[in-house]
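Enquirer: This is what each chain is made of:
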Amino acid sequence: MPPRTSRPEHSVAMWGAPGSGKTTFLASLDIALSRQGSSWSLTGGNESSTGMLVKLTTSLADGRFPTATVGMDQFTWVLEQLPPHVDRRRLLRRGAAREPSRAVGLDLIDASGEIFSGQSARYREARGDLIGDLVRSRGIIFLFDPIREFNKGDAFQYTFGVLAELAGRMMDSPERISGRLPHYVAVCVTKFDEIRVLQTAEKLDLLSADPADRFSFPRVLDEDAQELLGYLCDISRSGNADLVVNALRARFLPTRIKFFVTSAIGFYVDPRHGGYDPDDYQNEVPDGREPGGTRIRGAVHPINVVEPMLWLARKLTGDTRDG
Amino acid sequence: MASVMVTAEWALWGKKAGDIGYHQLDCSAGKISSENFDQVITRYSPGTPESLPQVTISWLSDKSQANYLAIAIHDRVHPAGRPGPRPRAAEPAPFDAHGRETVRTSYYCVPFADVAEHGVSYRAMYEAFRAEPLPRDLRAPVTVKLAAGPDSSAATPADFALRVAALLLAGKPVCMLGAGHLTVTERLGFLDTVASLLPYGARTRLSASTWTSSTYQNHRFRLFFAGQARNRDDHLVMWDQAGTVPVTDPVAGAYLAWLSADPRRRIAQLARALQPMSFTGSDAALMLARIGAAEEQTPTQLPGRPPTDGSPDLTVADLLVSCGERLESSEPEQELKADITELRLRLSEERTDAERQEYQDIIRDHDLLREDLQVLATTRAQFYDILLSLAFADPLSYADYCGIEDCANIQPGQVPHRSLLAAIGKRNLTGSLMRQLLQLLRECEPSVTTGGRLSSADLVALAADRALQPGHAQLAYDALAVHPDAGGHGLRRALRQHGYLAAALEQRHRSDSGYQVLVLHDLLQLAYGPSLDRSAVWKILRNEPHQRTAALDAAVLISADCYDEVRPRLGGLLLGEPSALPAAPPASRRPVMRIPARMSRTAKVPAATPPAVHAPQAPSPPAPNPAVKTPAAGKTPARGGGQPATSPEDPRAFLASLQQHHAKHSCRKRGVWLAVSAAALVILVLLCTAFAVYVWR
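One line per chain: the protein sequences are A and B, in this order. Counting in this note's numbering, the first sequence tops out at residue 627, every number present. Counting in this note's numbering, the second sequence tops out at residue 716, every number present.
Treat each hint with caution, since some may be false.
As the list claims (entries may be wrong) - In silico DSSO-like pairs for lysine-lysine, Cα to Cα no more than 27 Å straight-line:
#1 A:Lys456 <-> A:Lys562
#2 B:Lys35 <-> A:Lys359
#3 A:Lys456 <-> B:Lys164
#4 A:Lys507 <-> A:Lys456
#5 B:Lys558 <-> B:Lys445
#6 B:Lys191 <-> B:Lys50
These are calculated hints, taken from the structure and not from any lab test. The structure presented is a predicted model; accordingly, all values stated were derived computationally and were not measured.
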């Protein structure tokens, strides 16, 4: 019989409109950790979760986007930081203490974006399940898709209803702090690799580069992420995008919200030059073999994908150590 | 082979080119509405597909209570599309707007009555319908010829198929593992075999899937294949390992014994059992009695089952479960009315507390008190009425009302929907708390006309009741905020009389001092206006004969018209902002409020000032803390900075100490400002001199 695992202590929910990249974000997580050479690694908490990790990661590594989620997937991944390898002889000689490993179990909830919609009655049951899971979770990765917001402008529709229901369900929760919900929220502006988002950041003079990054990818620092989001909200099709941020600030403690600018697939790197080319960086291209399909052009270099998850992991565990 | 012509209604689910989310693309123009198709397709979704095609089995009923068997085929959209001059508007696209591959779900349902007489199998339906692609021109229904009789694989069922069939009567879903190597047709054949080992009428409530996503925890299939077990309480069955399937449930065990005696004969018997049935224990017993199993075995004399004479009476619990199942169909009106009549007959029976609790559990689990029951308003009112009568005591107490909220799956403080509120209003009530709360709930529901209005004093008295749940108290606070008496003497008197609700708030929100402060602050503003004058501060801080709380002190601090600079700092602390914390550790006497040492009342009085000067009428000071050294005999032991402290129970001393702190702080600020100005002046003079010297030379 397959092993049953108990619910991990830390539950993190993905939240965003359909197509905002929730599943792709999760699919890129393990690749991002490997690319960074991070001491953190990702493992499945049980058989089905391991299967999900392998399926999502291999799909993205093969240049294919994961299929759209149907219903609501729930799985347990464990973020584990192994201590650096220490030569035993030196260890004995110097009497150094071995640093313990750290592990954060994350119960991830990846719901189909349609369930977050406040307008459709067809997902009533699934929505009830979703709210229940959000009540139990303490970390939220909120994905804001600027392209969808520019084209459709419906982020508020996928936010407000769920937020109001969540607040209603937790009205009497002793975990509320000063009347606010106790969750930590990582607000991720997705699709940074998309030409319109990158150009907007450039226009606002928010781009910077990490000197340690051998590809010299452009980035938006976390402290500038909110400014970029503010501008992107201004050009929302419906003009309601600013309400999303305001609603989040009203319901959650402002000190528990952090902004990130992310890209799950990153920029294209030409293998011949081996670096970021400002004239040729588009990594998502139409698939010539299948009309209507898209594929990932080159290797996946996720940007700012690990950071929100590690931030949540640290906050949820009360960990203040670096790394 | 014999066959039967049937007409099926259908719906097509998927994504069109440019779509991002899944939705219904088209459906037949028949008895089943588009909304019903939406509901049933999303309800019986297998989750994110892992391999395609897959088949799911489900059921539904139409407006006239006719049952339907349904089969959904989940498959890829082939880019070639259907032959024809140009694609239809409802044609699904193989890729969505983000270039992700899509799945098309072709959903077909046939009247149960049309297939039941002929014992049509699910596999026969699959074979026939997969040759009939959707959508159809003019939304016409699909007419196909279905092979009659059971699937050939069901002729000699394996032992574990018998066990799986028996397990389905044990109440929990059955998850089949280790069958990933089988084709979809083989897995569907197994589902058919298991279905043939149940009465044919059970298909009116059977849901099954040839595959479900292991990470989709909340799917609603009763029998399903999966790669791994989900985190739910399912019966787990490894494929083809009969010995590992323990059947411990008494009903399931007895049924297995009956089946195992002569499987072929049983299958023939079961194929003739066309009466619709559910998977509840009582229905199973009833079914066994109907098909004559009771004569050969003793499944109806099972533990916990009432002895039957061929037509066992349904218990109230069974009837409630039945109501829940009927309400899942699209038009439950007639069947629900019959159940209501049956339940009404049971009203005269005595009910124990345990039975009431059982009924409450069923009502909650089946969400029977929900608002959107698909029945007429009169039927709905009767239904709520009978549920409350059966599951709750008469007269209704406040504890019962909390139980109703739990059963209705609403949060304490959330106003019940209008129909439920009306049903509660018809009950006899006990206690003033319950009567006042009901009146308040009615006031909160704008569509309900109320006879009178609770006064502000009533609302304060209600909120002061220690038995009241936090959510209900919040309703009272909210009502006070919009009450015309706000700012009046009545409200002040009532608040004073009930100790400004400080004690009740502390009892309800002991761990959330910030919330206590906010509520108290709002209440004080309502009663005394935007800021408290000195006399009001003094009165509130005395709060005789009630207990003062730290939250009340803090609320007074925030509301007082002096000490402006104290407010933001304290507000920051209440919001948990670390920047508002002082460098020194807090020396607050009460742990619930984090008042910094230099703002706390024990640290504000100058060392030379004896407490008696500030608090001549104060109660006796607290006993000296032996862990703290006393600076001088006769003085109160110091805290924090080692200064002598006033009595913490003395509001005037506290007030005076705050004033002193304020004055001292202002002086210090003024001193710093003067020093900076003098330094700037000196620098300016020096610069001028240097410039003059330079010009002169």
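Enquirer: Could you run down the list of hints and mark each one as holding or not?
Expert: Going through the hints against the structure:
no.: 1; hint: A:Lys456 <-> A:Lys562; verdict: holds (25 Å)
no.: 2; hint: B:Lys35 <-> A:Lys359; verdict: holds (26 Å)
no.: 3; hint: A:Lys456 <-> B:Lys164; verdict: violated (45 Å)
no.: 4; hint: A:Lys507 <-> A:Lys456; verdict: holds (23 Å)
no.: 5; hint: B:Lys558 <-> B:Lys445; verdict: violated (44 Å)
no.: 6; hint: B:Lys191 <-> B:Lys50; verdict: violated (32 Å)
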